[in-house]
Amino acid sequence: MAAVTFSDVSKTFPDGTTAVSDLDLETEDGEFMVFVGPSGCGKTTALRMVAGLEEISGGEIRIGDRVVNEVSPKDRDVAMVFQTYALYPHLTVYDNIAFSLKLRKEKKEHIDKRVREAARTLGLEPFLDRKPRALSGGQRQRVAMGRAIVREPQAFLMDEPLSNLDAKLRVQMRAEISRLQRTLGVTTIYVTHDQVEAMTMGDRVAVMRKGELQQVAPPQELYDHPLNLFVGGFIGSPAMNLLEATLERSNGGLSAALGDQRLSLGEEALAARPALKRYEGQKVVLGLRPEHLEDAALVTDAPADKRLQGEIELTEALGSELMVHLKVAAPPAVTEEVKELAADIGADVAAELEEAKGEQQTTVVGRFSAESNVKEGETTEVAVDTRALHFFDVESGLGIYDETKGATR
Amino acid sequence: MSSQPVPGPVGRPRGRALPSIFKKQGWQGLLFISPALLLLGLLVVYPMVRTIMLSFADTRANLKFRRWVGFDNFERLFTRDRGFFDHDTFPPEGALVNNLRWVVVYSVVSIGLGLLIAVLAARVRYESILKAIIFIPMAISATAVAIIWKFVYDPDPKIGSLNAVLNTDLSWLGRTDTVNYALIFAYVWASTGFAMVVLSAALKGIPEEIIEAARTDGANEWAIFRRIQFPLLSLPLAVVTVWLVINVIKLFDIIFVMTGGGPGGASEVIAFTMYDETFGNGEGGYGATIAVVMLIMIIPLMIWNISRFRSERVVT
Numbered sequence: 001m002a003a004v005t006f007s008d009v010s011k012t013f014p015d016g017t018t019a020v021s022d023l024d025l026e027t028e029d030g031e032f033m034v035f036v037g038p039s040g041c042g043k044t045t046a047l048r049m050v051a052g053l054e055e056i057s058g059g060e061i062r063i064g065d066r067v068v069n070e071v072s073p074k075d076r077d078v079a080m081v082f083q084t085y086a087l088y089p090h091l092t093v094y095d096n097i098a099f100s101l102k103l104r105k106e107k108k109e110h111i112d113k114r115v116r117e118a119a120r121t122l123g124l125e126p127f128l129d130r131k132p133r134a135l136s137g138g139q140r141q142r143v144a145m146g147r148a149i150v151r152e153p154q155a156f157l158m159d160e161p162l163s164n165l166d167a168k169l170r171v172q173m174r175a176e177i178s179r180l181q182r183t184l185g186v187t188t189i190y191v192t193h194d195q196v197e198a199m200t201m202g203d204r205v206a207v208m209r210k211g212e213l214q215q216v217a218p219p220q221e222l223y224d225h226p227l228n229l230f231v232g233g234f235i236g237s238p239a240m241n242l243l244e245a246t247l248e249r250s251n252g253g254l255s256a257a258l259g260d261q262r263l264s265l266g267e268e269a270l271a272a273r274p275a276l277k278r279y280e281g282q283k284v285v286l287g288l289r290p291e292h293l294e295d296a297a298l299v300t301d302a303p304a305d306k307r308l309q310g311e312i313e314l315t316e317a318l319g320s321e322l323m324v325h326l327k328v329a330a331p332p333a334v335t336e337e338v339k340e341l342a343a344d345i346g347a348d349v350a351a352e353l354e355e356a357k358g359e360q361q362t363t364v365v366g367r368f369s370a371e372s373n374v375k376e377g378e379t380t381e382v383a384v385d386t387r388a389l390h391f392f393d394v395e396s397g398l399g400i401y402d403e404t405k406g407a408t409r
Numbered sequence: 410m411s412s413q414p415v416p417g418p419v420g421r422p423r424g425r426a427l428p429s430i431f432k433k434q435g436w437q438g439l440l441f442i443s444p445a446l447l448l449l450g451l452l453v454v455y456p457m458v459r460t461i462m463l464s465f466a467d468t469r470a471n472l473k474f475r476r477w478v479g480f481d482n483f484e485r486l487f488t489r490d491r492g493f494f495d496h497d498t499f500p501p502e503g504a505l506v507n508n509l510r511w512v513v514v515y516s517v518v519s520i521g522l523g524l525l526i527a528v529l530a531a532r533v534r535y536e537s538i539l540k541a542i543i544f545i546p547m548a549i550s551a552t553a554v555a556i557i558w559k560f561v562y563d564p565d566p567k568i569g570s571l572n573a574v575l576n577t578d579l580s581w582l583g584r585t586d587t588v589n590y591a592l593i594f595a596y597v598w599a600s601t602g603f604a605m606v607v608l609s610a611a612l613k614g615i616p617e618e619i620i621e622a623a624r625t626d627g628a629n630e631w632a633i634f635r636r637i638q639f640p641l642l643s644l645p646l647a648v649v650t651v652w653l654v655i656n657v658i659k660l661f662d663i664i665f666v667m668t669g670g671g672p673g674g675a676s677e678v679i680a681f682t683m684y685d686e687t688f689g690n691g692e693g694g695y696g697a698t699i700a701v702v703m704l705i706m707i708i709p710l711m712i713w714n715i716s717r718f719r720s721e722r723v724v725t
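Top to bottom, those sequences are chains A and B.
Position 305 of the first sequence, counted from 1, bears residue number 305 in the numbering used here, the numbering being contiguous throughout.
Converting from the second sequence to the numbering used here requires adding 409 to each position, the first position being numbered 1.
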């Protein structure tokens, strides 16, 4: 096992596109590092450079103390799990798992012992004599894992290993891979575009955008203190609501004007983000997490200046909670980052965003308590937990925190 | 088993076999397939039946039936015809043995070269140009190939480029020890492109990720070929082999053009003796016997080929 270090790593393809630029990152020994980002952000390329399947255009990758730039894949001692599993179709499950050990010319008994151990760990024992095509998707995924763990490599590299599974199985395998990684303690780099996987699995998560590393942090920190708009918008499901707001001074404190409505920020918000003062009278991007919105009828002491009004478009009852989509008369934040995030969800989402901008209407998603009685079509009041608001600079997209950290202009 | 009656599929009475196409469709079905049946019968079934009949017959010079001779033709072919099968020498000689030599040497060399080029070409930048060049001979008719190589093997170094290169004046096609290999080489040149194209396509069909997985699993290029690519090519390899073997059992044209079976019958093959007996010696019944022998050699390969295609899909 070993640390994997990226120093100033970049990758430019022969056609001139830059997939990764100046990546600086250290994955500690035994750490579960998740690379996350929308498609085309360079996360898979970064992983493939570690495996040796892509040449490194600039910088250095080290596995342990060894610089591996010029080391061929077979000598890097890393195990890769592919999105398509890439099982050897002509070999049985047993031989698939044993493949790397046989190449190393290990003793038969030793190979047998290791393969059976791996098969037991993964519940593959009944299938050892089968060919991959006689397995279900979940079983194939396990074989791919088995092929990796049997080698006891320096690091596991996983390229969206769960994205070909159905939702239920994905949740189960997510937990299994996490457990396996903790048990084995092998350094793991896990690439995904699914931020839920990133949040639930990673010791630390590296968010990438257009080949550039945005932020590396433990999941909770990423969630609570996104360094920029992109990270804030990408992490969290449902996503953070992003609106355009103007900071105004009222009654001695700051408040955020959203269209005709005002949210008073209160002392705590200002104390946590002293830099906000400098944005007085300016536009900022206001980020609202769905869980910080609640049906005002259920909150006994929500003051009038910490409420928003909106028309309910849609409610989704999940049993434990109620997802409420409501239209608020305030412009959505439309910056490069937001457009990119929308485009990643779908072209229609991006188009809707432009439309909403024109209409000065934003659809805000709130995670209400299941006791809420709001109905579609009603206009309702929503209590906002203003202590948990996020603010970003409109131009740079950087989060507005204190003077040293975050946006400085 | 449950005793409950299980309802059968709608529209088909339970417990009865699927009615034959004729019963189900009636005379209309027959009408629709009759043009195809007619053509097949006229062009394939009738000639085949006629050939089999003739193989038990003696014919006049105009190939008209004269009298039945039972298995005489077959007996003569395998026991008394030195040109076809000479078992007095060791190893045996004759057109049959020579043809078997073709089957082995020609198939192995064509496929070996085709596979080698397919694998190596995938690693160079100008793959498509390279493959096109090697495929070009496939577009040349066998007769033209024969004429080209007749020039190449010409004993006069001023004409024969092989002798010119080697600075010799050997009669490659005139010596019994070189003639067959010279012919085989010419035919390999003409058909390696076929093996290469099929195998190259099959090779491309192997997902890149499988190769990458093997590479990260510690396989070097040789191990990738031997343990991954080669086994995954087993079906296309078998198909190409059968195809080439069938072709070479029917081999006729380049022998006819380049050597006419000579020198002294040393380069004769089965199809050539069939032609020679039928049209040269006017022994249609005997020629038909040789044709039947060819058919018997080819049929198992065809059956195997078809059943293999039915039973197994290409895994990748």
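Please keep in mind that the hints were generated in silico from the structure rather than gathered at the bench.
As the structure is a prediction and not an experimental result, all values here were calculated from the model.
It is possible that some hints are incorrect.
Listed below are the simulated SDA-like cross-link pairs for lysine to any residue, each with C-alpha atoms no more than 25 Å apart in a straight line [said to hold, decoys possible]: (1) A:LYS74 - B:ILE633; (2) A:LYS131 - B:ARG534; (3) A:LYS102 - B:ALA470.
Here are a few chain B residues that sit away from chain A, every Cβ distance over 12 Å (derived from the structure) [to be verified]: (4) MET457; (5) VAL458; (6) ASN471; (7) PHE474; (8) THR498; (9) PHE603; (10) THR625; (11) GLY627; (12) ARG636; (13) ILE637; (14) PHE639; (15) VAL648; (16) THR650.
Beta carbons: idealized from backbone N, C-alpha and C, even for Gly.
Going down the list of hints, with the structure as the test:
1. Proximity of LYS74 (chain A) to ILE633 (chain B) is assessed by CA-CA distance (about 11 Å); at most 25 Å being required, the pair is judged to hold.
2. Simply put, LYS131 (chain A) and ARG534 (chain B) have alpha-carbon atoms about 35 Å apart, too far for the 25 Å limit, and the pair is violated.
3. Pair hint LYS102 (chain A) plus ALA470 (chain B) does not hold up; C-alpha atoms about 68 Å apart against a cutoff of 25 Å.
4. Here MET457 (chain B) stays apart from chain A, with its beta-carbon at least about 39 Å from theirs, past the 12 Å limit.
5. The Cβ of VAL458 (chain B) sits about 43 Å from the closest Cβ of chain A, beyond the 12 Å cut-off, so the non-interface label holds.
6. Residue-level check passed: ASN471 (chain B) sits 57 Å from the nearest beta carbon of chain A, beyond 12 Å.
7. Distance to chain A confirms PHE474 (chain B) as a non-interface residue, since its nearest Cβ pair spans about 54 Å, more than 12 Å.
8. Every beta carbon of chain A lies more than 12 Å from that of THR498 (chain B), the smallest distance being close to 44 Å; the non-interface claim holds.
9. At the 12 Å boundary, the C-beta of PHE603 (chain B) stays outside the reach of chain A, the nearest C-beta of that chain being 24 Å off.
10. The non-interface label for THR625 (chain B) is inconsistent with chain A: the shortest C-beta to C-beta separation is roughly 4 Å, within 12 Å.
11. With a least beta-carbon separation of about 5 Å from chain A, GLY627 (chain B) fails to lie farther than 12 Å from that chain, contradicting its non-interface assignment.
12. Distance check for ARG636 (chain B) against chain A: the nearest CB is about 8 Å away, which does not clear 12 Å, and the non-interface claim fails.
13. At roughly 6 Å, the least C-beta separation between ILE637 (chain B) and chain A is not larger than 12 Å, which violates its mark as non-interface.
14. Remark: the non-interface label on PHE639 (chain B) conflicts with the geometry, its nearest Cβ contact in chain A lying 10 Å away (cut-off 12 Å).
15. Taking the minimum C-beta to C-beta distance to chain A, about 16 Å, the non-interface status of VAL648 (chain B) holds against the 12 Å cut.
16. The non-interface label for THR650 (chain B) is consistent with chain A: the shortest C-beta to C-beta separation is roughly 18 Å, beyond 12 Å.
Checked against the numbered hints above, the structure violates hints 2, 3, 10, 11, 12, 13 and 14; every other hint is satisfied.
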